[in-house]
Structure formats: structure tokens, C-alpha cells
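Just so you know, the sequences run in chain order V and E. Numbered per the working numbering, the first sequence spans residues 1 to 998. Numbered per the working numbering, the second sequence spans residues 1 to 480.
Derived from the structure by calculation, the hints contain no laboratory data. Predicted model only: the values in this text are computed from it and were never measured. Idealized CB from N, CA, C, for every residue including glycine. Accuracy of the hints is not assured; some may be wrong.
Claimed, not checked - Among chain E residues calculated to face chain V with C-beta under 7 angstroms, some are:
| no. | residue |
| --- | --- |
| 1 | A16 |
| 2 | A201 |
| 3 | V208 |
| 4 | T212 |
| 5 | I382 |
| 6 | M396 |
| 7 | A407 |
| 8 | I408 |
Unchecked claim - Below are the DSS-like pairs computed for lysine-lysine, each with C-alpha atoms no more than 25 angstroms apart in a straight line:
| no. | chain 1 | residue 1 | chain 2 | residue 2 |
| --- | --- | --- | --- | --- |
| 9 | E | K32 | V | K563 |
| 10 | E | K426 | V | K159 |
| 11 | E | K36 | E | K443 |
| 12 | E | K367 | E | K443 |
| 13 | E | K363 | E | K426 |
| 14 | E | K363 | V | K159 |
| 15 | E | K443 | E | K363 |
| 16 | E | K426 | E | K367 |
| 17 | E | K443 | E | K32 |
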Amino acid sequence: MPDSMFLTFVLALPFAGCLVAGFLPANTRNVEAWLAGAVALAGLILAGALYPAVTGGAMIRTEVEWLPALGLNLTLRMDGFAWMFTVLITGIGLLVTLYARYYMSPEDPVTRFFSYLLGFMGSMLGIVLSGNLIQLVFFWELTSIFSFLLIGYWHHSAKARDGARMALTVTASGGLCLLVGVLIVGHIVGSYDLDRVLVSGNQIRSHDLYLPALLLILLGALTKSAQFPFHFWLPQAMAAPTPVSAYLHSATMVKAGVFLLVRLWPAMGGTDAWFWIVGTAGLITFALGAYLAIFQQDLKGVLANSTISHLGLITLLIGLDSPLGIVAAIFHMMNHATFKASLFMAAGIIDHETGTRDIRRLSGLYRLMPITATLAMVAAAAMAGVPLLNGFLSKEMFFAETVAEHVDSILDDALPYVVTLAAMFSVTYSLRFIHGVFFGPPPTDLPRQPPPLPSWMVVPVALLVSACLLVGIFPAATAGPFLDTAVRAVLGSDVPPYSLKVWHGITVPLLMSLAALTGGVLLYRALRGYLSSGAEGSPGLGRLDSQRIFDWSMVFLSWRAAKTGVDLLGTRRLQPQIRLVVGAAFVAALWTLYRHGPHNGLHYGLHAGHAESSAFDPVLALVLVWLAGVWLAGAACAVGAAYQAKYHRLAALILMGGAGLAVCITFAWYSAPDLALTQLLVEIVTTVLILLGLRWLPKRFETIDVENYRVATSWFRRGGDLAIAAAAGLGLSAVAYAVMTRSAPDSISRFFLERAYTEGGGTNVVNVILVDFRGFDTLGEITVLGAVALTVYALLRRFRPAPDSIERPEQQIRESERDDALPDGQSGVALADSLLVPGLIMRLLYPVIMTVAVYLFMRGHDLPGGGFVAGLTMSVAFILQYMAGGTRWVEARLTILPVRWIALGLLFAAFTGIGSWLYGYPFLTSYFRYEDLPLIGTVPLASAVVFDLGVFTLVVGATVLILIALAHQSIRTHRPAKADVPAPIAAPAPALAQAEGQ
Amino acid sequence: MTLPAMLPALPEIFLAVFGMALMMLGVFSPEKRAFKTVCTFSIAALLATLVLVLANPGGRGVAFNGLFIVDGFALYMKVLVLIGSVVTLLMSERFLRHEGMDRFEYPVLIVFATLGMMMMLSANDLIALYLGLELQSLSLYVVAAFQRDSLRSTEAGLKYFVLGALSSGLLLYGCSMIYGYAGTTEFASIARVVSAGALPAGLVIGLVFLITGLAFKVSAVPFHMWTPDVYEGAPTPVTAFFSVAPKIAAIGLFLRVMVGPFDGMIAEWRQVIVFISVLSMVLGAFAAINQTNIKRLMAYSSIGHVGYALMGLAAGGRSGVTAVLVYMTIYLFMNIGTFACILSMRRQGSMVEGIDDFAGLGKTNPKMAMAMLIFMFSLAGIPPLGGFFGKLYVFMAAIQAGLVTLAIIGVVASVVGAFYYLRIVKLMYFDDAAEPFDTPIGKGVGAVLAVTAVITLLFFVGLSPVVEVADAAAASLLQN
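From just these sequences and the hints, can you work out the full model?
If you want it as C-alpha cells, here you go:
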């Protein structure tokens with residue numbers, strides 16, 4: 001298949017060239033140019049060789065497997081229409097290369113230039129040769145990138161940078177819209193293959209998603225072709241080197257938009273939406289571009305706006321939705337490419353020679369450069385639509401099409417008049433281009449004297465202009481067959497009859513042409529005075545500038561909107577962040593519930609389950625009322641704690657204790673005395689520990705800013721917190737209620753209840769679970785507890801309290817002041833004695849509590865109690881001593897080695913487990929029996945008791961270690977701060993020594 | 001529990017044991033060499049785990065009585081996570097030494113976080129899910145605050161911890177609701193309850209809270225506020241880590257939960273996901289625009305990218321899951337690459353983080369600028385770079401699922417997003433050169449930079465096999 005191979009080469013060569021060119025040394029201007037030229041020429045020759053295969057509606061297709069899973073293959077497809085574009089891209093590419101070789105100055109880094117140019121050529125070929133829509137979008141975006149790089153080529157100029165950015169922003173955004181549009185089309189058709197899409201026109205047009213798809217695709221096409229209201233980027237892109245403007249912004253890239261419109265017309269055209277959107281955009285652009293072009297002072301500005309206008313003309317033709325319109329559109333694409341490219345090159349020559357492109361400074365250049373002037377004049381005449389030039393022919397077809405009836409509407413009726421007016425404008429600006437630059441007095445203030453013109457620079461212009469002439473005079477013989485091939489590829493078999501003749505007789509279109517020509521000349525005469533006055537910009541439209549709107553919206557988006565968004569949704573403060581997380585979760589839950597309410601088959605399970613109703617029992621009722629009171633009190637405590645958390649930590653902590661107490665009572669009532677006991681002790685120990693820690697926290701995070709302190713705001717915030725807390729509490733209560741009143745899901749509690757005694761040898765199920773059934777878990781838990789204690793200790797070891805905590809507590813200070821006021825000799829007495837009675841009681845309680853702990857431990861296997869509870873009780877004994885006597889007093893008398901307790905506990909537990917291995921049982925299997933001990937009575941002796949002993953020891957060790965860590969803060973900080981405190985004890989207490997030494 | 005029955009969890013068990021051994025190694029090594037030794041061994045351990053994961057014969061396997069599942073999906077995501085962790089460690093070593101943070105706990109914590117992520121990805125039960133999630137989170141809280149002398153870093157760690165704990169609470173609340181109303185924590189059994197019809201409201205509430213917790217972990221709007229602060233405050237290698245591995249793992253977990261047990265409730269949760277996806281994309285795009293700190297910018301960028309991934313999740317089904325997998329794959333490489341650039345931003349030995357510091361990089365360090373250009377274009381989703389394909393698949397899946405509006409919002413957001421990525425490109429190439437960055441940037445970072453740049457640039461070459469594997473992984477997830 002040589003054809004498909006040729007096709008692959010056409011696409012692959014430019015990219016290969018792009019890579020090669022990029023790696024060539026910087027000063028190889030000629031090699032670069034030869035390379036680029038050779039690539040373009042090769043493409044042109046290959047295209048020529050492929051021509052026979054695409055005539056008469058035939059096409060070449062070749063597929064390279066890429067993503068078979070998704071039906072994404074690299075499909076190359078060349079029909080007559082694509083062939084025409086291939087020739088335009090490679091042909092004009094060749095001429096532009098030749099031109100650029102002489103245009104670019106030796107200082108410019110041409111490596112980059114030719115590399116980008118070839119890359120662009122490849123991407124553009126990719127667009128026209130794509131047989132797959134996704135692939136088309138891919139190359140589409142690639143052209144945007146290369147165009148960005150080429151426009152910004154002279155990146156030292158601010159204009160080039162801005163222009164490049166704007167072009168990229170507009171066209172790449174359009175490309176993304178196109179992507180989604182194409183995805184929708186693919187979704188409708190079920191394939192992204194272009195051939196499949198093209199035959200599925202009816203399916204697409206009747207689909208619900210047709211309009212979104214159409215709008216998105218049009219956004220892509222219209223941005224690329226610089227159609228109103230996206231036309232503003234093209235004049236800005238003129239900051240690019242002139243060869244780039246000639247190539248990208250007249251002949252090829254901007255044509256991609258209209259190319260796509262024609263390509264997809266069979267699939268998506270033929271609807272009112274198409275007519276209105278495409279037609280209106282085209283008409284406005286045609287007229288607006290022509291109008292703006294008249295008033296430009298920059299040569300390239302004139303050409304840029306004229307390009308916009310001509311693209312509008314093509315868009316309008318496509319929008320008219322008739323086969324003849326398509327024919328005219330395709331014909332005009334060819335013609336426009338030739339004359340506009342030559343005009344850009346001519347403008348480039350003028351710039352190159354004189355150093356300026358300002359029409360106000362240029363005049364009489366005919367004398368200096370007669371050949372260029374002649375060529376430019378012919379090309380400009382073609383642009384104006386003067387007979388015997390190619391522009392005239394397609395303009396005639398265009399006029400004929402506007403006169404014909406389409407969709408019956410105001411737009412259709414007004415069309416002939418508006419286009420004649422716009423054509424008149426184009427005559428005016430063409431005339432201005434010719435007259436203003438080449439005629440008149442010799443130029444006086446040129447930035448530089450024209451150097452000799454390299455004759456190779458004129459050759460491309462001459463070639464293009466002769467094409468204009470040839471097509472203009474012998475249309476049927478020169479362009480005819482190619483146009484026919486292209487048209488047939490788009491329209492298939494139903495190509496309407498059209499004739500490519502110069503003379504059709506006196507017809508309405510001819511009259512319109514004449515009117516435009518005459519009107520244009522008259523308008524130019526009328527405007528000459530105004531134009532030479534040197535005003536910038538066009539009258540009447542100064543304010544309504546879409547570029548300004550673009551800039552403004554960019555600033556708005558990038559600054560104000562963004563800032564507002566961040567301010568609204570982003571904050572660096574933690575509390576609002578927490579509030580937002582909780583609030584959002586809450587709202588989401590409510591919203592989902594609301595949306596999928598009962599009407600959607602969702603049943604609310606928050607009713608009271610199916611608990612069997614029992615007879616009314618007055619005692620039970622009384623207890624329940626009482627319990628309800630406890631719960632209310634507990635809830636009030638919890639709310640109060642939340643409310644006070646920020647303002648009065650002590651109160652909050654005490655209230656927390658109240659809430660915990662309510663929980664304990666509830667446990668006790670619901671036949672879980674063991675849990676209640678444990679919970680109670682945990683409450684006590686944690687509260688005491690936190691109380692001790694509280695002493696060392698700074699009193700305030702920051703001082704209140706009294707001046708800006710607003711009570712209302714503060715109340716509002718606290719109210720909000722209260723609401724959140726209440727909502728969270730209610731939510732949890734609701735869950736608890738709902739779950740408790742339903743039958744429990746197949747729970748394992750029955751298993752434990754049944755086997756606690758038979759297999760674990762105990763009747764206290766909770767304890768049996770802890771030390772036997774789930775012994776392994778407990779081992780893990782106590783390990784964690786030990787680790788936590790060590791961590792707390794390690795963290796507090798080097799903790800230095802905030803300065804305001806180093807002071808003695810306020811109460812003590814006040815007390816000492818009162819003491820000082822007493823008669824001599826009594827100073828300090830009151831303070832020392834203030835805890836005399838409670839202290840004594842606490843000391844006396846020490847052995848009592850220990851006994852209780854042992855008792856709790858021993859009965860744990862069968863009755864509420866156990867190692868954990870006993871351990872906590874034991875630590876309460878220690879805590880009381882610390883509270884009553886102070887750190888020094890306790891440690892001078894008691895040797896506690898908490899780290900050893902922890903280690904010992906862990907060893908006990910682990911060895912019990914390992915012990916069962918010795919008897920061939922799995923880890924932690926327990927053995928039990930009852931023993932009669934003298935004096936004490938029957939005592940359960942299970943191996944689990946040893947395990948429980950480990951738990952006990954560890955809990956004591958861990959709690960005491962944390963306690964010591966906290967208690968030592970007082971020693972550390974009072975020492976430097978207070979001179980009147982008794983001197984440190986001579987020999988540090990052993991516990992202290994051990995703790996400090998680690 | 002016999003050994004062969006635990007075989008599916010072999011990589012995790014290996015990593016856990018090795019991680020603990022590493023900790024001992026660190027404690028008992030001489031202090032000067034500890035960091036380097038542990039770092040090297042951690043990388044080796046993670047690589048070995050990667051080999052173990054890849055050596056899995058494929059097919060489904062469960063361990064621990066069905067709490068732990070291994071399937072194609074888990075394997076795919078684990079490979080991504082492990083790559084992320086290994087590369088982060090590679091990049092961190094030099095940086096931490098420069099900043100005087102070279103303590104051996106860092107690599108150990110990364111190893112444990114990775115272990116947590118692997119367990120998340122293999123979770124087949126709400127309890128297992130929570131276990132993995134917390135192991136990961138707790139390790140991350142610590143590494144976020146690893147620069148203990150820096151106020152920003154400690155603040156970041158604390159903030160992350162407080163909010164993370166809160167979100168874990170919400171997640172647990174959701175889990176208990178689900179357990180209460182479905183009567184089980186096992187994914188397969190939940191799926192049976194869900195498909196039985198007549199959903200209890202409690203289950204829906206539970207699911208919403210579960211989503212809330214997961215959304216926090218992936219930092220989707222409106223649960224994103226921690227992200228910019230933590231990204232900015234944490235030491236840069238940690239930020240790099242945050243932006244890839246945990247994110248990928250959390251997205252994987254999100255998929256596993258939503259497409260697994262709750263697939264039958266898609267009507268209930270799709271709206272929520274669509275909503276947070278839209279918010280994430282839009283906020284990620286807009287809020288990034290006027291950032292001045294590159295790490296903060298990347299935080300918003302990652303929020304936006306999560307929005308796109310969630311778009312794939314909202315689409316659901318095989319194509320949706322495939323899209324997310326492809327998206328996360330390319331996201332991994334381009335994000336790591338970007339952070340490799342950020343890690344190389346040093347002037348006279350100290351770190352700079354301003355976006356303006358990129359000015360003129362095209363002149364002062366053309367290679368790095370070229371790599372950064374590739375990453376920025378890819379993050380913006382411009383073809384032919386990898387990021388484009390990620391977006392392409394996500395958009396395709398969304399449109400297939402009929403979520404056209406979502407796709408369009410996605411496009412608009414990526415247009416806005418392109419703006420700030422291109423701003424960096426503009427700074428690098430068009431603005432006057434600032435003082436050059438220190439060179440050399442170090443072998444590790446340099447290699448990462450080069451490799452990720454090449455992968456991002458040439459992603460389309462290997463796209464086909466990646467998509468095939470991702471598709472198979474998605475199919476394996478849907479089978480469960």
C-alpha cells in the first residue's frame with residue numbers, strides 16, 4: 001500500500017524535521033532553511049503523488065493501532081478536501097520557509113524558529129488528515145501550542161508575550177471546549193471515527209445533546225478562526241515574525257476553524273441553530289473586521305483585521321447551510337490563502353526594508369520597490385474583489401449565495417445589504433493599503449534607508465500573486481478540478497451545479513460587486529482626511545472592545561474572583577476550619593436525606609424498633625424518670641462543658657466529669673456494673689491527670705483585643721458552637737436510640753455469654769473476654785498503654801511551662817498576702833495548714849485503697865472487678881498521696897519505679913501466653929480451677945489471673961508514670977522562680993532519679 | 001491462621017516486619033550514620049515490597065477471614081503508591097540533610113505510612129479500612145511536623161492532626177451507622193444489604209458521613225482547608241509525599257468503598273460526589289491563581305486534580321474506574337516531577353518557595369525549565385502530554401454516564417487552571433532572570449526529574465498498555 005505509506009510520511013516528516021531542527025547548532029541558518037524547505041517540498045510532492053487516489057470522492061485511509069481498547073486508533077484519512085488543505089499547508093509552508101530564510105536576521109535563534117515552524121506544519125497536517133475526532137482535537141491543541149511558541153518567538157518584546165498568551169488562552173480554551181463537544185458527539189454516535197460520524201448526521205441532530213455538542217464544537221471552531229466575539233486575539237498575534245503571520249494567521253491555523261465547520265457540516269449542519277449561530281457570527285465578523293481594518297495604522301493590523309473579515313465571510317457561507325455556500329466557502333479558503341499570504345509577505349518586505357509598518361509614515365514606496373509594489377497591488381486588488389482576480393470569483397459566488405433564500409427571517413432578508421456594505425469596507429481598506437503605502441510623496445522619516453532587497457524574498461510573493469492571476473483569469477482550467485475534488489469530498493454525490501466563469505452576464509451579484517467597488521472608492525476619498533490625521537482606533541467602537549473585556553475578565557478572574565473565593569472558603573484559622581468540616585458533613589447528610597426521602601423507597605428507621613411491650617411497672621417507671629433526670633443533668637453538663645471550653649477550662653473539665661458520671665450511672669443501671677466501675681475510675685484518673693496538666697497551660701492564648709472586641713460577634717460564635725455541639729449530640733443520641741431499640745445484628749455476645757463460665761472459668765463475662773477470649777487484644781492494648789505512658793513522659797520531660805504558669809496560683813498568692821498581714825511569726829502558717837485535714841485523711845486512705853484494689857483484683861474473675869480496675873484504684877491511691885503531700889514529700893518516702901512496673905506487667909502477660917505453649921496449647925490459652933485456701937475460702941485460680949496481674953501491674957505503672965511526669969513540672973518551675981521555697985531535698989528521690997535518668 | 005492463608009498479605013507483612021526492624025536498626029546505629037543507613041534500607045524494603053506486589057500471580061485472594069483482599073485493583077494502586085513512596089524517599093535524603101532534619105524516624109514513618117496505605121487499598125471491611133487509614137494518618141501527622149524547629153511545620157502538623165482526628169470521627173460515626181443498619185462491617189455483606197432494596201435512612205446517613213471522612217483524606221472541597229496550610233508548612237519532601245502517595249491511596253480507598261459495597265446506592269451518592277467534584281475543580285482552579293507560594297499553589301492544584309478524579313468516580317462503572325486509575329497514574333508522575341523541581345529551588349543553600357523565584361529559569365537553568373514546562377503543560381492538560389489523557393478519559397467516562405454538565409464545568413475549570421500553570425511558564429521563559437538556583441541539584445532529584453519528565457512527555461506512547469492494565473484492574477474491582 002504505497003498510498004497509505006505516503007500518507008504516513010506526509011504527517012511524520014514534519015515532526016521528524018521538527019526534532020532534527022531543534023537539535024541543530026544555533027548558527028546554521030541555511031541548513032535549517034534547507035531542511036524545512038525539503039520537508040515542505042517532500043510533503044507537496046507526496047501530496048501530488050496522492051492526488052489520483054482522492055479524485056472523484058475517493059479517499060485514502062490508513063490506521064495505526066494506538067488504543068484499541070477504546071477504539072482510539074491513529075487514523076489517517078485523506079479525501080479531496082483534506083488534499084486541498086495538505087497542498088495549501090505544504091505549498092505555502094515551502095514559500096514561507098524560503099521567505100523566512102531571508103527575512104529572519106542573523107541574530108535571531110533560527111533553530112528554534114524552524115523547529116517550531118515544522119512542528120506547526122505537522123500539527124496542522126494532523127488536523128486535516130485526522131480520521132478520528134479525538135486525534136483531531138489532539139493536533140488542534142498542538143497547533144495552539146506551536147502558535148503560542150511562534151508568536152512569542154521574540155520574547156524580549158512585551159507585545160509578543162502578551163499576544164502569545166492571549167492567543168493561547170483563547171484558542172486552547174476553545175480547544176478544550178471542542179474536546180468536550182467531540183466527546184459528546186462520540187457518545188451519541190458510539191464512535192469517534194470521522195467516517196462513522198459523518199454518516200450519522202440524522203442521529204446527531206435528533207439527539208437531546210445536539211445543542212450542547214454544537215455549542216461546544218462551535219466554541220472551538222470560532223475561537224480558532226477568530227470569529228466574533230473571539231476575534232480580538234488575532235491582531236495581538238501580529239507581534240509574531242511576519243513569516244509566521246503569513247503562514248499561521250492567514251493561510252493555515254486560522255483556517256482550521258472553518259475547516260472543521262466544513263468537515264462537520266454534513267453531520268451537524270442543516271438546523272436552525274447552525275444557521276443562526278454560525279451565520280450571525282460570520283456576518284458580524286465579516287462586517288466588523290472590515291470596518292476595523294479601515295482604521296488601522298499598522299500594515300499588519302490592516303491585514304489581520306481583513307483576515308478576520310474574510311474568515312467571517314467564509315463562516316457566513318458555511319452558516320448559510322446550502323451546498324452552494326459550501327462550494328463558495330471552500331473556493332474562498334483557497335483564494336484567501338493565496339492573496340493574504342502574499343500580502344503579509346509584502347508587508348514583511350516593507351517592514352524589512354523601511355523598518356516601520358506604520359501607514360502614516362509610509363508613502364510613495366512605489367519608487368523604491370516597484371516589483372514588490374506591483375505584486376502587492378495585485379494581491380490587494382484580489383482582496384478587494386476586483387474582476388480578473390481570484391478574489392472576485394469567490395466573492396461573486398458569495399454574493400449570489402447571500403441573495404438566495406434560506407431560512408425565512410430578518411437575517412436572511414438583511415443579508416444582501418449588509419454584505420454589500422461590508423464588501424465596500426473591504427474595498428476601502430484595500431485601497432488604503434495600496435494608496436497609502438505605495439503612492440503619494442516620497443517617504444521622509446523612515447527609520448532606515450532601504451538596503452538592497454534579496455531577490456529570493458520576492459519570489460514567493462510573485463509565485464502567489466501569479467496564482468491569483470491565473471485562477472482569476474482561467475478559473476475552470478486551473479482551480480476547477482481541484483475545487484471539484486474538494487467539494488465532492490464534502491458533499492458526496494449531490495454536488496450542486498456551479499460554474500467557474502469570469503463572466504456570468506449582468507447579474508445581481510455583479511451589480512453588488514460594482515456597488516461595493518464604487519462605494520469603497522468614494523468612502524476612501526471621504527475618509528482620507530480623517531485617516532491621515534493619525535488617530536488610533538476606529539470611531540464608534542472605542543469603548544466596545546472585546547480585547548478590553550478579555551483583559552478585564554482576566555483581571556477579574558485572576559484577582560478579584562479568586563481572592564473572594566479564597567476569602568470565603570479558605571481560612572488559616574483552625575476553628576473556622578473545624579466548623580466548616582462539621583457543618584458541611586451535617587448539611588450533606590441532611591440534604592441526602594431530604595432528596596431521598598420516603599418517597600424514594602427510603603424508610604426512616606428512627607422509630608422505636610420492635611421491643612416487646614411489657615406491663616406497666618410503677619417502680620420501673622419511677623426509676624426511668626429518675627434516670628431521665630440523670631441523663632438530662634449529664635447532657636446539661638456536656639453542653640456546659642462545651643460552652644465553657646474556651647473560657648474556663650477548669651469549669652469545663654469538672655462539667656465533663658459530670659457528664660461522665662451520668663454515663664457511669666447508666667452503665668450501672670443497664671446491668672454492666674463492671675463497665676460502670678471501670679468507667680468511674682477512668683473518669684477519676686483522667687480528670688485528676690488533666691487537672692494537674694491544666695496548671696501548666698498558659699492562661700490565655702492571646703490577650704483580648706479590647707478595642708476591637710465585639711460582644712455580638714463573640715456571642716454569635718459561641719451560639720454557633722453550641723448549635724453544632726447540640727446537633728452532634730442529638731445525632732449520636734438518635735443513632736444510639738435507633739440502634740438500641742432494634743434487634744442487634746448477629747452479635748457475638750451470645751457466644752461469650754454462653755461460654756464464659758464453661759470455657760473461661762469465670763462468671764464476669766467482661767473480665768473473661770478481656771483476659772481470655774480476647775486476651776491477645778488485651779495484650780496489645782496494655783502494650784499501647786505502656787507506650788502511651790512512656791510517650792507522655794518523654795514529651796513532658798523537657799517541657800517548659802509558659803511564663804504565666806510559673807507564678808504561683810492566684811489563690812496561693814492571695815493566701816500569702818493575708819499571711820503576711822498577720823502578726824510576726826505566723827507568716828506562712830495558714831498556707832501550710834490549709835490542707836491539713838484533707839491531707840491527713842488522704843494519707844490514712846492509702847492502705848485502705850490498696851486493700852480495695854487487691855479485693856477488686858481477686859474477685860475480678862467472677863464478679864465486677866479485675867486487673868484493669870484494680871490497677872486504676874491502686875493509682876488513685878498514689879495520686880491522692882501526691883495531691884496531699886506534694887511531690888517532694890511523697891518521693892522522699894516512697895520508692896515507685898513505674899517503668900519497672902510497666903515492664904513487669906508486660907512480662908507477666910507475655911509469659912502467661914507463652915506458658916500455654918509449653919502445654920501444647922495456642923498462645924494465651926487459659927487454665928482454671930478453684931482452690932480452697934485456708935482462712936480466705938474458695939478462690940478461683942486460673943492462669944488468666946496471672947495475665948490479669950500483668951494488666952494490673954502495667955496499669956499502675958503507666959498511670960503513675962504519667963502522674964510523675966506531670967508532678968515534676970512543679971519541682972522544675974518553682975525552683976528558679978521562687979526563692980522562698982524550701983531548698984531542694986538533698987538526695988533526689990529514687991523515683992525522680994530513675995525518671996530523670998532515662 | 002496458617003501461613004499459606006496469609007499469603008495474599010505477604011507484601012504487607014514483609015513491610016511491617018521490616019519497618020519494625022528498621023526502627024531497631026535506627027536506634028542501635030551510631031547516631032551519625034543512622035539516617036543514611038535507615039534511608040537506604042527503607043528504599044530497599046519498599047522496592048522489595050514492590051517486587052512482592054508485582055510477583056503476585058494475579059487473581060483474587062483474601063486473607064484474615066475476608067478482612068483483607070487482594071485483586072487487580074489493589075495491586076495496581078499499590079504499585080503507584082510504592083513508586084510514590086520510593087521516589088519521595090530518594091528525593092528527601094539530601095534535602096533533609098541540608099535542613100538538619102536527618103533523623104532516622106523519617107524513613108521509618110514513611111514506611112509505616114506506606115504500609116497503612118497498602119492496607120487501605122486492600123481493605124475489605126470497615127474495620128480494616130479504618131485500621132489502614134489511621135496507620136497512614138498517624139504517620140503522616142508526625143512527618144508533617146517533622147521540622148520541629150519551624151513554627152510553620154509544627155502548626156501544619158497540629159492542624160492536620162486536629163482536623164484529621166475530627167474527620168476520622170466523622171468517618172467512624174458513618175461506619176457505626178452503617179454497621180447499625182446493615183448489621184455487618186464486611187463489604188460483601190453490605191453490598192448484599194444494599195442491593196436488597198428498601199434502604200434504611202440510617203444507612204444513607206452513614207454513607208454520607210463515610211464519604212465526608214474519605215473526602216477529607218483526598219482533600220476535596222469543602223473538606224480541603226487543611227491542604228494549603230499543611231502543604232505550605234510541611235517540609236518540602238513531605239509535601240511531595242503528601243501530594244502523591246496518600247492521595248492515590250485515599251482515592252483508591254474511595255473507589256473501593258463506593259464502587260464496591262455501595263454500588264447499588266449510586267443514585268444516593270452520585271449527587272454528593274458530583275457536588276464535591278465540581279467544588280474541588282472550581283476552587284482548585286480559582287484559588288490557585290493568586291497564590292505566591294509554590295507549595296500552596298500545588299496544594300490548590302492537587303485539590304483541583306482530585307476534583308477530576310472524583311468526576312471519574314461520579315461516572316462510576318468500569319469506564320469511570322479506569323479513568324480514575326489512568327488519571328492517578330499520570331498524576332503521580334507529573335506531580336513528583338514538579339516537586340523534584342521545587343526541591344531544587346535553593347539559593348545559597350537555603351530553600352526558596354516563591355512562585356516569582358522561577359523567573360528567568362529558562363535562561364539560568366534551561367534543562368530544569370524545560371522539565372518544569374513539561375509538567376506545567378501536563379498539569380494544565382494540554383496535549384500531547386500525559387495530563388491531557390487523564391482528563392480525556394475522565395471526561396469520556398463522565399459523558400458516557402450522562403454527566404455532561406459536570407464535564408463542561410470540568411473543562412471550564414481546567415481553562416482557568418491552565419492560566420496559573422502557564423503563568424509559571426511565562427515567568428520561566430519571558431521574565432527577567434533572577435539569581436540562578438544552586439547547582440548541582442543532586443543525583444537523586446536530578447534522576448527523578450529526568451525520568452518523570454520523559455514519562456510525562458512520552459506518556460502517549462505507553463498509554464495503550466497502561467489503559468489495558470487499568471481496565472483489567474477496574475474490572476477486578478467491579479467483580480467483588
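(request) If any of the earlier hints don't hold here, list their numbers in rising order. (result) 1, 9
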